[in-house]
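Each chain is listed here by its residues.
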Amino acid sequence: MIELKQVTKKYGKGAKTTEALSGLDLTIRKGEIFGVIGHSGAGKSTLIRCMNLLERPTSGEVWVDGVDLTKLNKQQLQSKRRGIGMIFQHFNLLSSATVYDNIAFPLRLAHMGKEEIEAKVNDLLHLVGLEVHRDKYPAQLSGGQKQRVGIARALASDPQVLLCDEATSALDPQTTDSILRLLLDINEKFHLTIVLITHEMHVIQSICDRVAVIHQGGIVEQGAVTEVFLKPQHPVTREFILGQAGESAQLALQAPHDGSSRLCKLTFLGEKTYDSILSRTARESGVDFAILQGTISKIKDIPYGQLIVRLEGEPGQIEQTINKVTSEGLDVEVLD
Amino acid sequence: MWGLDFSTLDWNEIGVASLDTLKMLGASAVFTLILGLPLGVLLYQTSRSTNGWARTVYTILSVIVNILRSVPFIILILALIPLTVAIVGVSFGVLGTIPPLVIGAAPFFARLVETSLREVDRGVLEAAQSMGASTWQVIMKVLLPEARPGLLAGVTITVVTLVSYTAMSGMVGGGGLGDLAIRYGYYRYQKEVMIISVLAMIILVQVLQMAGDRLVKHFTRK
Numbered sequence: 001m002i003e004l005k006q007v008t009k010k011y012g013k014g015a016k017t018t019e020a021l022s023g024l025d026l027t028i029r030k031g032e033i034f035g036v037i038g039h040s041g042a043g044k045s046t047l048i049r050c051m052n053l054l055e056r057p058t059s060g061e062v063w064v065d066g067v068d069l070t071k072l073n074k075q076q077l078q079s080k081r082r083g084i085g086m087i088f089q090h091f092n093l094l095s096s097a098t099v100y101d102n103i104a105f106p107l108r109l110a111h112m113g114k115e116e117i118e119a120k121v122n123d124l125l126h127l128v129g130l131e132v133h134r135d136k137y138p139a140q141l142s143g144g145q146k147q148r149v150g151i152a153r154a155l156a157s158d159p160q161v162l163l164c165d166e167a168t169s170a171l172d173p174q175t176t177d178s179i180l181r182l183l184l185d186i187n188e189k190f191h192l193t194i195v196l197i198t199h200e201m202h203v204i205q206s207i208c209d210r211v212a213v214i215h216q217g218g219i220v221e222q223g224a225v226t227e228v229f230l231k232p233q234h235p236v237t238r239e240f241i242l243g244q245a246g247e248s249a250q251l252a253l254q255a256p257h258d259g260s261s262r263l264c265k266l267t268f269l270g271e272k273t274y275d276s277i278l279s280r281t282a283r284e285s286g287v288d289f290a291i292l293q294g295t296i297s298k299i300k301d302i303p304y305g306q307l308i309v310r311l312e313g314e315p316g317q318i319e320q321t322i323n324k325v326t327s328e329g330l331d332v333e334v335l336d
Numbered sequence: 001m002w003g004l005d006f007s008t009l010d011w012n013e014i015g016v017a018s019l020d021t022l023k024m025l026g027a028s029a030v031f032t033l034i035l036g037l038p039l040g041v042l043l044y045q046t047s048r049s050t051n052g053w054a055r056t057v058y059t060i061l062s063v064i065v066n067i068l069r070s071v072p073f074i075i076l077i078l079a080l081i082p083l084t085v086a087i088v089g090v091s092f093g094v095l096g097t098i099p100p101l102v103i104g105a106a107p108f109f110a111r112l113v114e115t116s117l118r119e120v121d122r123g124v125l126e127a128a129q130s131m132g133a134s135t136w137q138v139i140m141k142v143l144l145p146e147a148r149p150g151l152l153a154g155v156t157i158t159v160v161t162l163v164s165y166t167a168m169s170g171m172v173g174g175g176g177l178g179d180l181a182i183r184y185g186y187y188r189y190q191k192e193v194m195i196i197s198v199l200a201m202i203i204l205v206q207v208l209q210m211a212g213d214r215l216v217k218h219f220t221r222k
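Sequence lines, in order, name chains A and B. All residue numbers for the first sequence refer to the UniProt record's numbering, where the first residue is 1 and numbers rise by one. All residue numbers for the second sequence refer to the UniProt record's numbering, where the first residue is 1 and numbers rise by one.
Quick caveat, the hints were computed from the structure, so don't treat them as lab data. There may be inaccurate statements among the hints.
Unchecked claim - Straight-line alpha carbon distances no greater than 27 angstroms define the calculated DSS-like cross-link-like pairs of lysine-lysine that follow:
hint, chain 1, residue 1, chain 2, residue 2
1, A, K136, B, K141
2, B, K222, A, K136
3, A, K120, B, K217
4, B, K217, A, K136
5, A, K136, A, K120
6, A, K80, B, K141
7, A, K114, A, K5
8, B, K191, B, K23
9, A, K74, B, K141
10, A, K114, B, K141
Please model the entire structure based on the sequences and the hints provided.
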């Protein structure tokens, strides 16, 4: 659906040049929710703004739905942009227009008829749950409501893609969750491809199918969220995930153990999360285990669990236990 | 009272002068807005552009605007006499003051327009761009409506400034309240005429300012 090829963006001239994106490649599939996570200054904002050419890359190609945007002239780009919705961290609503007029705005740009606009806007107001606020001005709304207007406005021109530029970063946790749920609903209902950038792992974990980690203008790691989240490879990715798991994992690693025990990290994914694989295996092989740290949660709608355990027993028994749980479909990482 | 005698005043003449002032003000305000608004938008657009050609246009326009704004209005009236005659046929009376009033006030208003357009949140402009708005649509449907309170405040300031400009044009026989104040009040020592003329202008400015403030308030959504 979206393909960036060797996209480079430089700012400034001569000696003062800074490179925000350096030869970045990225492919986003139709219908998925794709997250890009990175620290501020990593280039994620530039990246998403390249996808509708609000920023024109210094070099490289931006393919959206089979068209290279960088090759289009001004009029072609304007009409193509109608198929790419965008929402923003600070909502960017017209302060001089009501909720209704804000949502109608892209339709009026496209010279749609009055009655058609009316019907369309009413549908959208219903979709985002703002019917009662249709005649209010943005200043009279809460942050979450403003973002709902932003979403309705972005959806008005029936886009195939929705770009979310830190769409929840200015919202409190509850509001963030309700906006994320709305995005997920829209994705399922309209099979809309959603690209979002964020610095919060929570956002990625809640709704994304795939994720890319951006660092210093390049993608350092990407893949299915379950994959990247549970088995992070790059230090930056680990940092994001550790930041969320908190200190408890660190504490678990400091637990006392000697030659007759091993520290292991077990990862359960999907239905296995609810199975009693560990205790069954331990009973059969005769090892004991102590749970040092544990999490059970969801990635989008897939349950997962992660345990740091200390296995105690004969080395052979421990070996056997590890092999057994691995064959049962758990992922085992021996830490120490 | 204070040795003043208002009984000898020619109220008829004051009425005519007031009407002249309103005519000058109305006509010059309309043309100032018609000329100044596009000029202000042009200044704003060219100042933001990264295009070298647009930057040059900006620099040239900016210098012209600055020159017109730095010439004292009274000098401007005299300097523009040939142009005024070319445009309206006369260089005195109500008609003769309108071209210099417009040429004096339009650059001033254009700068006010430019400043209030700069106040518009760039994010909103960007959002419109992301929705496929053309430059013209961005200007007409986003920039101007979003800047409306600031623009109205600018209009108010400009019209009030025009009131004092019309008074100055009295120096060169422009007609109106300023003319009356100078001719009778100053040259003929009729303090009463001066006082009434000035008072009328004070009231005019008050009314204009209040009306302007009210409009600004009405259109402010923040």
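These are the hints, each one checked on the structure:
Restraint check for K136 of chain A and K141 of chain B: satisfied, since their Cα atoms lie roughly 19 angstroms apart, inside the 27 angstroms limit. Only pairs whose Cα atoms come within 27 angstroms are accepted, and K222 of chain B paired with K136 of chain A is accepted, the gap being roughly 12 angstroms. Proposed proximity of K120 of chain A and K217 of chain B is contradicted: the alpha carbons are some 32 angstroms apart, above 27 angstroms. Straight-line distance between C-alpha atoms of K217 of chain B and K136 of chain A comes to about 17 angstroms, which keeps the hinted pair within the 27 angstroms bound.
Using a Cα cut-off of 27 angstroms, the hinted pair K136 of chain A and K120 of chain A holds, with the two alpha carbons roughly 18 angstroms apart. The straight-line distance between the Cα atoms of K80 of chain A and K141 of chain B is roughly 20 angstroms, inside the 27 angstroms bound, and the hint therefore holds. Restraint check for K114 of chain A and K5 of chain A: not satisfied, since their Cα atoms lie roughly 41 angstroms apart, outside the 27 angstroms limit. A distance of roughly 25 angstroms separates the Cα atoms of K191 of chain B and K23 of chain B; the hinted pair therefore holds under the 27 angstroms criterion.
A hinted pair counts as satisfied when its Cα atoms are at most 27 angstroms apart, and K74 of chain A with K141 of chain B qualifies at roughly 19 angstroms. For the suggested pair K114 of chain A and K141 of chain B, the alpha carbons sit about 16 angstroms apart, so the restraint of at most 27 angstroms is met.
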